[in-house]
Structure formats: C-alpha cells, structure tokens
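The task is simple: from the sequences and hints, build the whole structure.
Read top to bottom, the protein sequences are chains A and B. In terms of the working numbering, the first sequence has 100 at position 100, counting the first letter as 1, and numbering is strictly consecutive. In terms of the working numbering, the second sequence has 556 at position 556, counting the first letter as 1, and numbering is strictly consecutive.
Don't take every hint at face value.
Just the calculated beta-carbon pair ranges, DEER-fashion [stated by the list, open to error]: (1) B:V304 to A:E93: 39 to 45 Å; (2) A:E93 to B:V429: 49 to 55 Å; (3) A:V20 to B:V429: 27 to 33 Å.
It is worth saying that the hints were derived from the structure and are not from the lab. Cβ atoms here follow ideal geometry from the backbone N, Cα and C, with glycine treated the same way.
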Amino acid sequence: MKMDRHSSIVLVVIASVAVVLIGVAIVVAIQPPQEFDPGTPEGTAQAYYQAILDGDEELAISYLDEDLTANCSAHELRYFTPDGGRVVIDKTEVDGDEASVDVVITETWGEGPFGGGSNTFDETLIMTRSNDAWKITRMPWPVEMFCHEGG
Amino acid sequence: MEAAIAILMSLVQLAVFIGIILFVVKLVTKKGSSSAEGSGISIRRFFQYSIMLVVLVIASFGVIGIIDAVASSGSTMARDTSAIARSISFLIVGIPVFAGLALYTRRLLKSMPTERRSIGWLGYLTFALIGSLIFVMSFSVAFLGELLTDGDFETMSFIAILVWGGVWLAHWLIAARTTDENQMQLHLLAGSTAGLVTLAIGAGVAIAAAFGELYDAAFSVTAVDSGVDAIARGAVLFVVGAIVWFFYWIVHTRGTARSMLWLAYVLLIGVLGGVITAVVGAGTLLFGVLDWLIGDVDSTTASVHFAFIPGATAALIVGASSWGYHRIVLGGRTSEDRTEVERVYDYLLSGAGLLVAAGGFATLITVGLDALGSQPIADSGGSVSAVAITLLIVGIPLWWRHWSAIRRFRATQPQEEVSSITRRIYLFVLFGVTGLVAVISLLILVFIVVEDLLEGDLGAATINTIAVPLSLIVTAGAVAWYHFAVFREDRSIAPQAELPVLREVVVIGNNEDIAVVKDGTTAHVHVFRVDGESAEAETLDEVLSALDTETHSRVAVVAEDGRYRLLPLDD
Chain A
1 MKMDRHSSIV
11 LVVIASVAVV
21 LIGVAIVVAI
31 QPPQEFDPGT
41 PEGTAQAYYQ
51 AILDGDEELA
61 ISYLDEDLTA
71 NCSAHELRYF
81 TPDGGRVVID
91 KTEVDGDEAS
101 VDVVITETWG
111 EGPFGGGSNT
121 FDETLIMTRS
131 NDAWKITRMP
141 WPVEMFCHEG
151 G
Chain B
1 MEAAIAILMS
11 LVQLAVFIGI
21 ILFVVKLVTK
31 KGSSSAEGSG
41 ISIRRFFQYS
51 IMLVVLVIAS
61 FGVIGIIDAV
71 ASSGSTMARD
81 TSAIARSISF
91 LIVGIPVFAG
101 LALYTRRLLK
111 SMPTERRSIG
121 WLGYLTFALI
131 GSLIFVMSFS
141 VAFLGELLTD
151 GDFETMSFIA
161 ILVWGGVWLA
171 HWLIAARTTD
181 ENQMQLHLLA
191 GSTAGLVTLA
201 IGAGVAIAAA
211 FGELYDAAFS
221 VTAVDSGVDA
231 IARGAVLFVV
241 GAIVWFFYWI
251 VHTRGTARSM
261 LWLAYVLLIG
271 VLGGVITAVV
281 GAGTLLFGVL
291 DWLIGDVDST
301 TASVHFAFIP
311 GATAALIVGA
321 SSWGYHRIVL
331 GGRTSEDRTE
341 VERVYDYLLS
351 GAGLLVAAGG
361 FATLITVGLD
371 ALGSQPIADS
381 GGSVSAVAIT
391 LLIVGIPLWW
401 RHWSAIRRFR
411 ATQPQEEVSS
421 ITRRIYLFVL
431 FGVTGLVAVI
441 SLLILVFIVV
451 EDLLEGDLGA
461 ATINTIAVPL
471 SLIVTAGAVA
481 WYHFAVFRED
491 RSIAPQAELP
501 VLREVVVIGN
511 NEDIAVVKDG
521 TTAHVHVFRV
531 DGESAEAETL
541 DEVLSALDTE
551 THSRVAVVAE
561 DGRYRLLPLD
571 D
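Right, dumping it as structure tokens:
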C-alpha cells in the first residue's frame with residue numbers, strides 16, 4: 001500500500017544507520033588504545049589502569065607510592081576489579097614534579113550479552129615524580145576500596 | 001513516656017493491619033453484598049481460612065518433627081530438646097485448632113452452597129494444594145538427590161514427603177468433591193508452572209552436565225559443573241518436575257477451557273519463557289564466538305574460552321523445546337483466519353525481539369560515541385562491540401519474523417488488524433516506554449553536560465560520559481519514529497468512529513404517553529407510571545419537606561433549571 005512506504009522508508013533509514021554503526025564498532029574493537037610514553041603521567045595512568053583491567057594486581061600496585069600500600073595486600077585487589085572497563089583521559093596538568101591526570105572510568109560487570117551493567121565516574125590521579133618515574137601518591141580506584149592510607 | 005509511645009505504635013500497627021484486612025474485604029466483597037452482613041461474612045472467611053492455613057502448616061511441621069525424632073532416636077547421640085518441644089507444641093496447638101476449623105468448615109460447606117464458590121474457600125484450597133505440592137517437590141528432590149549421589153537415606157526428607165504428600169492428597173480429594181476444574185484453574189495452572197519450571201531446570205542441568213563431560217573429555221578442560229553427580233541432580237529435578245507437569249498439565253489442564261488464565265500461562269510461561277531461555281542460550285554462544293574474534297579475551301586458549309558451550313547449548317535446547325511445544329498447544333496458524341491468540345503471540349515475540357535488538361542498537365551507538373570522544377588509555381577490549389552485534393543478530397530475526405507476519409496480515413486484513421486491541425496496546429505501550437526512557441535519559445544527559453560546563457570540564461571526555469544516556473535517547477527515538485509512522489498509516493485506514501446509538505429511554509408519565517414512546521423507538525424503554533398530581537418546589541429544602549409528608553412508596557424528583565418537580569409513581 002502507498003502509505004506503508006513511509007514506515008518502510010523509516011525502517012530502511014534506521015537499518016542503514018545500524019549497518020554503519022556495526023562497521024564503526026568493528027573498527028573500534030580491533031583498534032588498540034593509543035600508547036603513551038611510560039615516563040609521562042599519562043603513560044603511568046595508562047599502565048596502572050590497564051594492569052587493573054588485565055587483573056595484574058602486583059603490577060597495578062607497583063605504580064602506587066609505597067607509603068600508600070605499605071600495609072595492604074595486592075591479592076585483595078582481585079575482589080574489587082571489574083569484569084571489564086574503559087578509561088579515557090580528560091586532561092593532564094604538570095607542575096614540576098607534581099602532576100594530576102583527570103580520567104573518566106567506565107567499569108562493567110557481568111559476562112555475556114545479557115548480564116551486568118556499567119557505571120561511569122570521574123577520577124583524578126595525583127602523582128609525584130621520583131627517580132624519573134611517576135608514582136601515584138593519592139589512593140586511586142579501586143585500591144581505595146580495601147586499602148586505606150597508613151594501613 | 002516511652003511505654004506510652006510503644007503502646008501507641010502498637011495500636012497504630014494494629015490499626016494499619018485492620019485497615020489492610022478491611023481493604024481486602026472491600027475488594028473481594030461482591031457488588032450488591034455491601035451490606036453489613038456481606039462484609040461480616042467476608043471478614044469471617046478471611047480469618048477462618050487464613051488461620052486454618054497457618055495451623056495446617058504448623059501442625060504438619062509438628063508431625064514431621066515428632067516422627068523424625070522418634071525415627072532417629074535410636075541413632076541420635078544428643079537430643080535437640082528445643083526442636084522436640086517445638087514439634088510437640090505445634091502438635092498440641094495445631095491439630096486441635098485445625099480439626100475444629102475443619103469441622104466448622106465442613107458444616108458450612110454443607111449448609112451454605114455459596115461457601116463452596118467463595119474466594120476464601122477457593123483461596124484456601126489453592127494455597128494448601130500449591131504449598132504442599134512445593135514442599136513435596138522440594139523434599140523429593142533433596143531425598144532422591146542424596147540417595148543417588150551419596151547413597152544416604154535422608155529420614156527427615158522421606159517423612160516430610162509422606163506428610164506433605166498426605167496433605168496434598170487430602171486437599172485434592174476435597175477439592176474434587178467441592179469444586180470443579182474451572183474454579184480451580186488457577187491452582188492447576190500454578191501446579192503446571194511448578195512442574196514445567198522444575199523439569200526445564202532439571203533438563204538444562206542434566207544436558208549441560210552431560211555435554212560438559214564430553215567437552216572435558218575432548219579438550220581436558222572442566223566446563224560447567226559436570227560429572228555424574230551433576231547429571232544425577234539434573235535428572236532428579238527433571239523426573240520430579242516431569243511427573244508434576246504431566247499430572248497437572250497433560251492430565252488435568254491442557255484440555256480445559258481456554259480462559260484468559262490458560263492463555264496467559266501458555267503464552268507467558270510456555271512461549272515467552274521458552275523464547276527468553278533460547279535467546280539467552282543462542283546469544284551466549286554467538287557472543288563467545290564474536291568475543292574470541294574481536295574482543296580481548298582473558299583466557300589464553302580456545303578450549304578454556306569456549307567452556308561455556310555446554311551450558312549455553314543446554315539453555316538453547318530447553319528454551320526452544322518449551323517454545324515449540326507450547327506453540328503446538330496454541331494451535332497451527334492458518335493463512336486465512338487470524339485469531340486474537342495468534343495476534344497476541346506475534347506481538348509478544350515481536351516485542352521481545354525488538355527489546356533485544358534495541359539493546360544492541362543502543363550499545364552500538366555508545367561504541368560510536370566513545371569513538372568520537374576521548375581515545376581510551378585503557379580498555380578491556382572489543383567485548384562491548386561483540387555484545388552489541390550479538391544482541392542485534394539475535395534480536396532482529398526474532399523481531400522481523402513476527403513483525404513481517406503482522407505486516408502481511410495488515411496488508412490482507414487491514415480493518416481487523418488495525419482495529420485489534422492487541423495492536424493498539426502494543427503500539428501505546430511502546431510509545432509509553434520509549435517516552436519514559438527518553439525523558440529519564442535526557443534528564444541525566446542535561447545534568448552531566450551542565451555539571452561539566454559549570455566545572456569548566458566540557459570537552460571530548462564529556463562525550464564519553466554522556467554516551468549511554470544519549471544512545472538511549474537516540475534508540476528510543478528511532479523506535480518511536482518507526483512505530484509512529486506505522487500508527488499514522490493505521491489511522492488512515494481505521495474505521496470511522498460510530499455515531500452514538502440510542503439505547504435506553506426513561507419515561508415517566510401516564511399510560512398514553514408511555515404507549516406512544518414505546519411504539520416510537522426501538523431503544524429499551526424504562527417505564528414509571530405517574531400516580532396522582534405532581535408537585536413543584538423551588539429549593540431542595542422544600543423537596544425534602546414534601547418527601548417527609550409523601551404517602552406514595554416511590555417518588556421521582558426531576559431537577560431542571562434550578563426548579564424541582566416531584567412525581568408520585570405507581571407501585
């Protein structure tokens with residue numbers, strides 16, 4: 001029927017948009033994240049959060065200042081890491097040997113297409129340069145959930 | 001002071017409790033029985049059958065406890081005196097109270113035929129039967145599971161099966177004598193549901209465990225909870241569920257009248273439940289493959305990654321079986337006649353598919369927006385893209401299969417399809433849900449943007465933060481846009497609204513007036529013959545004064561333009 005053409009046209013437009021988005025999704029999926037210089041605050045933030053998402057507890061804790069985690073066990077981190085996630089940098093500020101990195105974290109939980117959900121929140125990493133390496137000097141997510149400064 | 005407050009709070013709680021009871025009584029009291037006597041009977045039934053149900057449970061547990069204590073006394077090294085005391089007290093109080101109420105109920109059922117049809121009696125039977133059935137099923141599964149896996153004979157479970165089985169049997173026989181299958185259809189369908197769900201879970205567990213054994217043997221990886229014990233547990237659930245389902249559904253319910261309850265069970269439990277289970281299984285399988293191809297999987301080998309296959313396959317088999325069987329129960333589809341049941345079936349599954357596909361579309365938009373925003377420094381991989389594509393691949397075929405059938409019938413039978421209540425409910429529920437999702441998401445999106453603006457943080461990262469609410473708005477908009485186009489096309493061919501038709505006329509007059517009106521109209525005429533002279537009044541006070549001195553048993557008061565006419569009527 002003639003009038004049915006309008007809804008069919010709308011359906012074709014929506015389907016075309018979906019096809020384009022599928023292409024974008026595949027391209028995004030296979031692209032690796034941008035690599036930052038490990039000697040920079042961005043590189044330290046990247047290494048820390050990737051270690052969290054990869055479940056490498058020891059490596060993640062190694063990016064924190066020793067005073068923060070003196071009385072905490074790296075193995076407890078496994079109970080607080082999400083099933084998946086994504087971290088993007090909002091802005092970075094460097095002032096001599098002090099730096100702050102604002103990030104937006106999206107953590108996801110549940111596996112498979114029908115399980116779980118996601119949560120997005122902001123965080124600021126505070127770092128101090130020591131021996132040409134940047135160390136996180138304020139308790140970050142998710143370590144703050146089980147480890148408190150001073151033990 | 002504190003004691004006074006405590007007493008006051010207790011009185012408030014009691015008042016709330018009584019208020020709830022009165023509200024329930026008001027709901028269940030039929031029209032026309034709103035007299036004090038009707039309300040009194042309803043309150044009596046509420047307390048009588050509620051207490052009877054409670055003491056039935058108490059007495060049954062008391063019997064089980066005492067028998068178990070006696071049966072295990074020879075092998076017990078230390079007595080649990082508090083448990084024995086509890087069982088004895090349950091018996092001492094429960095049995096006499098239940099017996100008294102049962103005898104009283106028996107007398108009422110004999111002397112008051114309406115008691116057998118009362119909601120109280122039917123409700124008591126339903127709860128007693130379903131409650132005892134669930135206890136029998138639970139204890140049977142526990143007993144048989146222990147017997148098959150560990151060789152243990154659980155005395156307590158066995159006793160509980162006998163006691164609750166006896167309770168169920170007694171109430172079944174009483175229900176057979178005092179009610180019919182139509183009155184007890186809710187109970188029969190609840191029993192069918194309990195059986196179907198149990199056998200489906202059992203089948204799923206057994207199949208998953210069996211496939212897990214094969215997977216483990218082939219790849220030396222422990223898949224789901226496999227092993228003979230797991231297969232045995234699944235088999236026990238399946239057998240118990242199958243027996244109950246066969247008795248309730250095959251023998252007693254399948255052939256009964258296709259009431260709204262019956263259709264709701266078949267469509268919602270059998271069909272929709274099966275579809276959801278099958279979709280979850282198929283989706284999990286597909287996601288696993290896509291995640292392996294484009295995601296960043298944690299496991300290093302394919303055999304570890306694909307260990308979900310046995311469980312997902314079991315869900316797919318069980319769900320598809322339930323869906324297929326209940327589709328056959330509904331009856332085959334004919335190309336010419338379309339019943340409302342088939343229409344509900346198509347819209348239900350179309351809606352389920354649309355929901356899944358919309359989830360995939362929204363996830364895709366989120367991925368696209370994330371690509372426009374700040375680039376990630378850390379990412380768990382392309383699993384999100386795999387989720388989106390999975391939901392689309394699973395949802396779109398399900399939606400299109402049934403929506404295309406709906407479009408076909410709309411083209412061949414436009415008036416019937418467009419004017420059906422099912423189609424209207426479907427479209428308006430869609431508009432309502434998409435509108436709600438859009439409003440809530442817009443609130444969240446505006447909040448995030450304004451917050452970033454005020455903090456001076458508005459930038460590429462804001463796009464990442466608003467990706468989810470924005471994708472929900474766009475998806476809701478797309479769904480609403482398409483279905484609004486459909487709605488507009490429907491309105492162009494909808495039948496014109498019928499003009500009001502005269503159905504009833506009230507005549508107050510003499511015999512000649514009445515005769516003329518009755519001959520002159522095809523509508524139903526309500527007749528009130530005037531007996532005597534009418535009177536007029538200027539105010540309601542005058543009307544009431546006139547009524548006080550009225551000698552006729554019926555008077556009609558007609559109010560018009562602020563004046564009143566009193567017409568005495570013939571008895």
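- Within 27 to 33 Å or not, the Cβ separation of V20 of chain A and V429 of chain B? Cβ of V20 of chain A to Cβ of V429 of chain B: about 29 Å, so the range 27 to 33 Å holds.
- Query: Per the hint of 49 to 55 Å, is the separation of the Cβ atoms of E93 of chain A and V429 of chain B within bounds?
  - Reply: 50 Å, holds
- Task: Look at the Cβ atoms of V304 of chain B and E93 of chain A and judge whether their distance stays inside 39 to 45 Å.
- Result: 43 Å, holds
When held up to the earlier numbered hints, the structure conflicts with none and fits them all.
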